[in-house]
Every structure is written in structure tokens, then in C-alpha cells.
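Undergrad: Respectively, the protein sequence lines represent chains V and G.
So the first sequence is numbered by our numbering: it starts at 1 and just counts up by one.
So the second sequence is numbered by our numbering: it starts at 1 and just counts up by one.
Just so you know, these hints were derived from the structure itself, not from any lab.
Mixed in with the good hints there might be a few duds.
[Claimed, not checked] Short, incomplete list of chain V residues facing chain G, as computed with Cβ under 7 Å:
#1 Arg16
#2 Ser23
#3 Arg27
#4 Arg37
#5 Glu42
#6 Val47
#7 Tyr103
#8 Val107
#9 His110
#10 Met199
#11 Ser201
From the three backbone atoms N, C-alpha and C, an ideal C-beta is built for every residue, glycine too.
Below are the chains, spelled out letter by letter.
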Amino acid sequence: MTLQYPLQSLAAHPARLSPAYRSTVKRSPQKPLIPMRHTLSELTGPVYGHETVREHDSDLTIQAKGEPLGERIIVHGHVRDEDGRGVPNVLVELWQANACGRYIHVVDQHPAPLDPNFTGAGRTQSDAAGYYKFVTIKPGAYPWGNHHNAWRPAHIHFSVFGHSFISRLVTQMYFPGDPLFPFDPIFNSVTDEKARARMISSFDLDNTKPEWALCYRFDIVLRGRNATPMETK
Amino acid sequence: MPNQRPDGITPSQTVGPYFKYGLTPNGEYEWNDAFTSNLVTADTSGERIRVEGKVYDGDGAVIPDCMLEIWQADAQGRFSDPQDKRALPNSSFKGFGRVGTDRNGAYAFDTIKPGVVPDPDGKPQAPHILLAVFARGMLLHLYTRIYFDDEAGNAGDPVLALVPADRRATLIARKAGSGNVYTLDVHLQGDQETVFFDV
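Looking at chain G on its own, in the form it has when it is part of the complex (with noise of 0.2 Å):
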């Protein structure tokens, strides 16, 4: 079938209420999952953590109506992507995970550490998970990152150096008590905003 050049994108829609038989069903229904909230695999190496938070709106109410997909390097760094051109991954490690929030507007994906990816003039960026935001009454996803408050590359990073000084808090993950647990609430609307990216 011959090409033809579009005259435009899809336009985005909302995924509305209903989406968590779908995308998200988690042994609530039938259906099964294409993805799930751990992406940890037997053999994935790397450090083991959590990252957990809530979602809010503008009215600080929680969504518990929204789906979060997370993206990410493995510990080397390296996307399961063949177009990451450097070296191949070494597990069956995706770097993808998908979550629904539940009543409470809660969260969490099981995961590793990410190691350090360059920017495009190959200079490191600190480790960061990409996270993409849908709702009910998101038209479209909002796109922001997951960065963790012990990695000292954080001072460093190029984007984190883009996003105002009193609105980086918004981007970092806290490390909660001993375990590998680290907590990042996202807020849509409000005071505490998250900071999102135009990409």
C-alpha cells in the first residue's frame, strides 16, 4: 500500500473512567494484564526499590481513577529498545510498567535503580524514571520524571537544571526510612504542582 503523508497526528482523547477492565484490570476483572506494576525479572540486576505516592488534583483530592506508565534504563543504563544503539541488555528486563491508582489514589511500581543515560551532547543525566500521567479529564498525558534525593548526580543533571529551583522538590523521589522505598506524590493542579515536561 503506497504511503501517503499524513496531513496530521492522531489527535489524543481521553482514556475516561472506564479504562481499568482494559488496561488495568489486576484480577478486578476478566480480562488479563498486559502489564504489570513490577518489572523486576529473575535475573534483572540492579537495586531493588519502590516508588510509591498519590495523585492529586486541583482541589488536593485524590484521582483514584488514573493510570501511571513508567519508562526507564536498566542499572547499566541501557533502554530494551534496539534503538538504544549501545550495548544490548543483558535480562529480559522491559523498563516498562503500567498502574492503575487505587481508591486512594495510591501507586507503586516494583523496580531497579536505573543507571546513568546521557544527554544528547553526552553528558550524564542523574538516574531518572520518565512517568506518563492519564485521567479522566486529562485529554492528554502529562509526561514528568521520576529523579531519587541520593543521587548526587541530581546537581548535575541537565533537565533538573532546567525546572525552576522552588519546583524541583516536585521531581524527586524521597528514600523513606531504611528500606528501598522511595515516595513521589504527583499533583496535577496547585501549590505543589508537579513539574511537567513539554516534549
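Okay, chain V solo, but in the shape it has when bound (with noise of 0.2 Å):
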């Protein structure tokens, strides 16, 4: 199968230059990006066995001696491609807050509180339909300084990779319905609605487990297509 990658499909990204969110003003090239045609190095990537995946990476629950504090929570969805078609065997990274809004990364110091049982890391590879799951807690929204009054709608952080080395993705999935949307410029840097719907999960009642955790829904879409049209039948 050989795949294409039109350029066009680039649109749903959020300009790399968004002054309302204050950092991308001074990490945001100046000068034009040089169209090329894409060679193999474009068009292949890397790919992983199962040693890079260890057995519990994927449920953030179980990490630690004890539990962790929040709410347990579902992840799960496809990774596809424009097509629609299931990318197989791809490596899915999360990394989030605990549920209430804070990091363990040494630079967050927001007051509150770190939960020992809660590193916010994971990792897990698509199945063979492209398909993946997590066990996590549900991320807390957080402060941050870029104006006055600023708060991050409640986000888990998503690195994918695809078919070759530009369908590499990273992203941020958010949780239907949170108030502070129109408030964040990180989410209100893609000016398109309906690519911004494709940031946020869906609550997803058939999967959640009863008397257990609650499940939402993210898929996730790569770019690439096939270079010929799909055979209908």
C-alpha cells in the first residue's frame, strides 16, 4: 500500500504563529517553510516491536503500590488514517496532569497537591485494527501564566506515530463540554470548528464499566491516504 500525503490536509492545524497564546511569538519561524516533493525519508518511519511496550504501561492506575486519587477513567479509540482505515501497531505515548491539575514534572508548581500513587505517564501500541486503550484518572484542570485569570481546559497529552515520519502527531485530547473552551487559546488556535471537535473525546456510555470508571472516546486521524481511490463494494 502506498500512501499519500496531501498537503491540503495540513489545514486543520492550528498557524504555527498564534500570538494569543503568548509562547508562539518568539518559537514561531519567520521566514517562509520550502515546499519539497516528498523522498523516502518523508515517506517511511519507524517502527517498534513490543519490547518498547511493557505489559502494565498502558493503565496509569497500577503503577504504583497504591491507587491513585481522582476519577478512573476509560481512554480508548482508534487510530485511523484519512481514509478512515485503522493504522496497526503504532505506538500511542500519553503524559497528563493528576486529577487535580497538577504535574509531576519539577517546573509545575502550582499549589497543588502531587499524588504518590500517580506518575501521569503511559504507553501502548495499536492493535492490528489500529485500535488502543488506557486506564487513567481524569486530568484536573490547571492555571497558567500566559494572561491574566488563565486556566487549561482539563487535556491529556497524546504522541502518535503513523505510517512515515510526517504523519507524526501530537496533540491534546479534551473532555466534551468543558466550560473553559472558549477561554484557551491552545484549543482556540485551530480556527476550525470542526477540526476542534476532533480534539475532544466523546463520552461514551456503551464502554464505560459499571461500578468501576467511566469511558470516553478518542479517535485519533493521521494524515495520509491511499494514492489510488478505495475499491467500494
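Mind assembling these two chains? They're in different frames, but the hints should get you there.
TA: Structure below.
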């Protein structure tokens, strides 16, 4: 299967210079990017063996001696390409704040408690159908210094590899109905409403585990589509 | 599950300031690294090299919270990916590395000099490494390439030829001294802004 990577698909991404998110001002290029044809270097990408992912890496609630505090949740979905096909056997990494909105990162000094039973890091590999699943804790919102009274909506960071180095994606998964959406310059750096909606997980009652955990579905769509039209049958 | 054609790709968002414990812990956090900055395995053939440098913002300040990822061919110019239909790689060399910059904005990769990879017309490209740059303040990562100043093939490289001559130096790592150490700084902005590619 040969995939192509149309540049038009990149229109879903935020502009690199999005001044409402202040840090972009000095960290976005000012000279034009150089267009080029994709060569084998761009069209290939790393492949992982199962040795990269250990057995319990996808369950962030059992990594410590005790159970973390907060609302236990299941986050699952498919990694797909632009044609909707599952992207199999790719590495999916996540990292997040704890239930109080605090990261274990040393730079995060937000006065909310750390949880000794929660690191907030996980990884898994999509299966043959592109499906992945994590068990974690619902992260809290947290303040940041971008502007007066700035708060990030609750989110989980995702890092995903696809079929090629240019389908690489780092994004953030949000939760439905968050009241902070209208005020967050990172979320709103994606200007198209439909594209923003693709970063919001959906509440998944059918896969909620009774007496145990609510479930959210987050499908991730990576660059890459069939070079020839799909057969329909 | 039936495939529904998505209405577009998932938009990118910044890695933010707190990715280190999840993506590049490097012994500072309990989590283990999925990848490191050392790509060389015992059975890797080819010339061992180190590529190092610093990452700067538009004020010329170093960026201590940057993540860099590289992707490259082996010494024979083949990728460790079944999508590369040429000969199979002959070692456990994976061709992928990841590193977080340190407090001085510095990075280093230990790898091998890649071989020659053809362009879509079969023309040889000079040895190069793909570099992706992620950081707080970057909503979407940037792609650039690392070339080597001691490669005669640079003169005929079809990608370097697309770059205005006065900016090519931003893509070419320079060999420092007699060791196999190449230096290349990344400037996200400013007079020395690195050439990034629209891929």
C-alpha cells in the first residue's frame, strides 16, 4: 500500500504563530517554509517491536503501590488514516496532570498536591485494527501564566506515530462540554470548529464499566491516504 | 468496525512544558524511556558520529524545554521500515532517536552517518537526517534536515538545491576538530533562522 500525504490536510492544524498563545511569538519561524517533494526519507517511519511497551504501561492506575486519587476513566479509540483505515501497531504515548491539575514535572509549581500513586505517563501500541486503550485518572484543569486568570481545560497529551515520519502527531485530548473551551488560546489556535471538535473525546456510555470507570472515546486521525481511490463493494 | 471516512486529520497541539517525565525522562523520573538519543547498536555498521548543538528562540535565548526527534537511513541508505522495498536492513539499527534539550538548550545524538537515499526520480540525495522539533510555544512541530559539511554530494542534492544559497548553511552540520562530532544549532527564528520544510 502506498500512501500519499496531501498538504491540504495540514489546514486542520493551528497556525504556528498564534499570538494569543504568547509563547508562539518567539518560537515560530518568520521565513517561509520550503516546499519539497516527499522522498523515501519522508515517506518511511519508525517501526516498533513490542519490547517498547511493557505489560502495564497502558494502565496508569496500577503503576504505583497504591491507587491514585481521582475519577478512574477508560480512554480508548482507533488510530486511523485519512481514509478511515485503522493504523496498526503504532506507538501511542500519553502524559497528563493528576486529578488536581498538577504534573509531576519539576517545573510545575502549581499549588495543588502531587499524588504519590500517580505519575501520569503511559504508552501502548495500537492493535491490528488500530485500536488502543488506556486506563487512567481524569486530569484536573490548571492555571498557567499566559494571561490573567488563564486556565487550561482538562486535557491529556497524546503522542502518536503513523505510517511515516511526516504523519507524526502530538496533540491534546479534551473532555466534552468543558466550560474553559472559549477562553483557552491553545484549544482555539485551531480555528476551524469541526477540526477543534476532533480534539474532543466523546463520552462513551456503552463502554463505561459499571461500578468501576466512565469511558471516553478518542479517535485519532493521522495524515496519509490511499494513492488510488478505495475500492467500494 | 466499518471505516467511516474522517472529515479531516486530528489537529496538532503543543507538547507544552511538561512532556519530559513522559517522553524524555532520561533517568530524572521513574518512567522509562521508549527511545534515547543513542541509535547505535552493537551490530550497526557504518561510521559512528555524534550530532550536537543548541536550540534557540527568536530572542537568541536557548530553549531548555525542546524535544528533538530524528529519522534516518542506515549506512547503506536503507530505512528500517518495510515500506522501504529495497533490501532489508542488515542490523537492529532502527534509525529513530529522541532527546530533550538540557537546561542549556543543548542536544546530542549518537548515531551513524546515513547512506545515500534516492529522491522520487531515483537521483541520489546527499546523506541527511530528518529532524523534527517540538516545544512549548510550538503548536505544530517543524521539520528540517541535517546534512554534513564533508559530503561532496551536497552540491548535487535536489533538496538543498531548493533552498536559497544564503540559507543552506542552516542545514549543514559542521565537523568540529578531528573527532566524529558534527555541530548544528537550530534557530526557530531570527537572522540565522533554520530552514524548515513544508512537508
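Undergrad: Hint compliance check: list the failing hint numbers for this structure, sorted ascending.
TA: Going through the list in order, the structure violates hints 9 and 11 and respects the others.
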